[in-house]
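K.L.:
Taking my numbering, the leading residue of the sequence shown gets 4, the next gets one more, and so forth.
To be clear, the hints were calculated from the coordinates, so they are not data collected in a lab. Hints should not be assumed to be uniformly reliable.
Said to hold, decoys possible - Here are the computed distance ranges between Cβ atoms for each label pair: (1) K91 <-> N69: 28 to 38 Å; (2) G95 <-> K7: 25 to 35 Å; (3) L9 <-> G95: 16 to 26 Å; (4) D42 <-> L93: 33 to 43 Å; (5) L85 <-> D39: 18 to 28 Å; (6) E97 <-> A8: 40 to 50 Å; (7) K91 <-> F43: 34 to 44 Å; (8) L52 <-> T88: 27 to 37 Å; (9) F89 <-> N13: 38 to 48 Å; (10) E97 <-> N13: 45 to 55 Å; (11) E97 <-> R64: 46 to 56 Å.
Unchecked claim - Capping the alpha-carbon separation at 25 Å, the derived lysine-lysine pairs in DSS-like fashion look like this: (12) K91 <-> K7; (13) K65 <-> K7; (14) K65 <-> K10.
All values reported here derive from a predicted model rather than from experimental measurement. Quick reminder that beta carbons are idealized off the backbone N, C-alpha and C, glycines included.
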Amino acid sequence: MKIKALKRDNQELRLELGGEGHSFCNALQYFLLHDDAIDFAGYNIQHPLVGNPVVYLRTKRKRPENALRDATRSLDRTLDELQKTFQKALAGEERSTNNNED
């Protein structure tokens, strides 16, 4: 992912995220919006085939860089939990499949 800062000040941050799409940006927006210090968070992709998403956030009480860091950490923790859940489910499925082969 290539990140280009388009705007950066004490309460606003606008970033272009090269190589990303709706999946990542929507997840990031979800976690940003669950932070009470966020006034606004969103993203836009001008053209789905050739455009890079631009993520925009505005904060009330927190530096936007800190809000972005907190959101990405929450997203990372959630993905770790999801991976562990899938691994447990698949391990149980493999045991069940192996027992049925007898």
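K.L.:
For every hint, state whether the structure bears it out.
P.N.:
Now for the hints, and whether the structure bears them out:
1. Between K91 and N69, the C-beta spacing of about 33 Å keeps the proposed range 28 to 38 Å intact.
2. Checked against the given bound of 25 to 35 Å, the beta carbons of G95 and K7, roughly 44 Å apart, lie outside it.
3. A hinted range of 16 to 26 Å for the beta carbons of L9 and G95 is inconsistent with their spacing of about 46 Å.
4. Under the hint 33 to 43 Å, the C-beta atoms of D42 and L93, about 41 Å apart, fit the expected range.
5. At about 24 Å, the CB distance of L85 to D39 agrees with the hint of 18 to 28 Å.
6. Our hint of 40 to 50 Å for E97 and A8 holds, since their Cβ atoms are close to 46 Å apart.
7. A hinted range of 34 to 44 Å for the beta carbons of K91 and F43 is consistent with their spacing of about 38 Å.
8. As the Cβ distance of L52 to T88 is approximately 34 Å, the hint placing it in 27 to 37 Å holds.
9. F89 and N13 have their C-beta atoms about 40 Å apart, which keeps the hinted 38 to 48 Å range intact.
10. Against the hinted window of 45 to 55 Å, the Cβ-Cβ separation of E97 and N13 comes to about 52 Å, which satisfies the hint.
11. Distance hint check for E97 and R64: the Cβ-Cβ separation is about 48 Å, which falls inside the suggested range of 46 to 56 Å.
12. Under the criterion of a C-alpha separation no larger than 25 Å, the hint pairing K91 with K7 is inconsistent with the structure, at around 38 Å.
13. Pair hint K65 plus K7 holds up; C-alpha atoms about 21 Å apart against a cutoff of 25 Å.
14. Under the criterion of a C-alpha separation no larger than 25 Å, the hint pairing K65 with K10 is consistent with the structure, at around 16 Å.
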